[in-house]
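K.L.:
Given next are the chains, with one letter for each unit.
Protein chains: 2
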Amino acid sequence: MQNPTAAMLVIGDEILSGRTRDANMHHLAKALTDHGIRLAEVRIVPDEHARIVEAARALSGAYDHVFTSGGIGPTHDDITADAIAEALGVPLGIREDARAILQAHYDRQGQELNAARLRMARIPEGAALIDNPVSAAPGFSAGNVHVMAGVPSIFEAMLAGLLPRLTGGAPVLSQSLRVVRGEGDIASALGDLAAANPEVSIGSYPFFRDGVHGSNIVVRSQDGTAVDRVMGELVRMFPEAG
Amino acid sequence: MQNPTAAMLVIGDEILSGRTRDANMHHLAKALTDHGIRLAEVRIVPDEHARIVEAARALSGAYDHVFTSGGIGPTHDDITADAIAEALGVPLGIREDARAILQAHYDRQGQELNAARLRMARIPEGAALIDNPVSAAPGFSAGNVHVMAGVPSIFEAMLAGLLPRLTGGAPVLSQSLRVVRGEGDIASALGDLAAANPEVSIGSYPFFRDGVHGSNIVVRSQDGTAVDRVMGELVRMFPEAG
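These protein sequence lines map, in sequence, to chains V and E.
Heads up, the first sequence is in our numbering, so the first residue is 372 and it goes up one at a time.
Heads up, the second sequence is in our numbering, so the first residue is 372 and it goes up one at a time.
With the rest of the complex left out, here is chain V (with noise of 0.2 Å):
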């Protein structure tokens, strides 16, 4: 069985502009893996309004689920949710329901739910709010896009939030072999392997630290059963790794 596939789109002038190092690409692959959905692509597009809904459309049609990160606060440059609501064509509105979460909120915080806030509460059509237990304002899934803050400890609680809720399929298991041995000593053997045992995939990741050239070989396959044998081939071939 095929697992679900997902994209990633984040929404980052900020990462592009080498500013900041984005965070969540790397906690959304893990979470994905762990729960059965196969991350497949990630684009990262600047915050302009017709790059956000050309992005999300092309990966809308193309992936089970698009998870996006970034652009849903108050000030002036988070257009996240206009770009989305117009790549599925929905109209954007106030919710009366995350309107009452952000009046709640601000109302314990003392503070006023003002014209820039209220823009927090413009939720596509039909959209499902998804929690925010950091600050409140909602993200939302519309259609099979998962809209969600930028901020990693907010991005990661709605996530936490939002994966119960979607159907995964059985996880990819994987098992690392490292190898003190350049990837051209082992690339022919490893090919070979790869050839006989194609309900597995066999990746090897160079690593070069401290003068020492070497190689990570990841054996990846929903079939447990079938990693632990070709582990077992690898050790065979490899026996001085560890």
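Some hints here could point you the wrong way.
[Claimed, not checked] Coverage of chain V stretches by chain E, computed from C-beta distances (three or more under 8 Å per stretch; other residues unrestricted): (1) 382-389; (2) 412-425; (3) 432-446; (4) 520-534; (5) 560-567; (6) 592-606.
[To be verified] Covered, in the sense of this in silico footprint (three residues per stretch, anywhere, with C-beta under 8 Å from a C-beta of chain V), are these stretches of chain E: (7) 382-388; (8) 561-568; (9) 581-592.
Rather than coming from a laboratory, the hints here were simulated on the basis of the structure.
Glycine included, C-beta positions come from ideal geometry on N, C-alpha and C.
Could you slot chain E onto chain V? The hints should help.
P.N.:
Below, chain E alone, put in the same frame as chain V:
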């Protein structure tokens, strides 16, 4: 004057699975910003021929430069050179100058230039080699696509050799102000400031740390005088910032 634009294409099964965290993107983003090239999109795709071809074609047509990382080693899963050659419609074959570089390297190391390692001398016709001072096997620039290794130390060394060959524009200058107020409190004033100063881009990046909500406000422009002026206005608007 518009700066040249660029995209990055990461060939990255191991990043999509969450096994490793990409490091090259952040390095490239900073280096391009310093060089006056605007990184306008990043895509991460799996180690699948058709997906690399499709993404390379789309990005090569849309931007002045495409920088790739990953998939140029000697193993069966190193398929980037094949995919880039197909994307650009040029033949791929063993290049004698690349073979000579590899032969000299492995002679020095007392290792054999075997069939797997010789794969790394396969270069698309007409490409310029990119020097690899770390482990010899060269990258290449084919058309506007610059193909580099995924191992961060090698990626960075290749980029350092490549960038001076590429024409940059005026670097985008930025200054930032850290305001310990929630975005909702400053959004309205910030929106007005952005509308009144179209020659700069003003971004607001919320943070939430140790129970404190705040915003980093970033002003960017190729015009340093305009950045200074708008920063002055920001400091007057938020005198408590630091």
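K.L.:
Next, verify each hint and record whether it holds.
P.N.:
Evaluation of the provided hints:
no.: 1; hint: 382-389; in the structure: holds (count 6)
no.: 2; hint: 412-425; in the structure: holds (count 8)
no.: 3; hint: 432-446; in the structure: holds (count 3)
no.: 4; hint: 520-534; in the structure: holds (count 4)
no.: 5; hint: 560-567; in the structure: holds (count 4)
no.: 6; hint: 592-606; in the structure: violated (count 0)
no.: 7; hint: 382-388; in the structure: holds (count 5)
no.: 8; hint: 561-568; in the structure: holds (count 4)
no.: 9; hint: 581-592; in the structure: holds (count 4)
When held up to the earlier numbered hints, the structure conflicts with hint 6 and nothing else.
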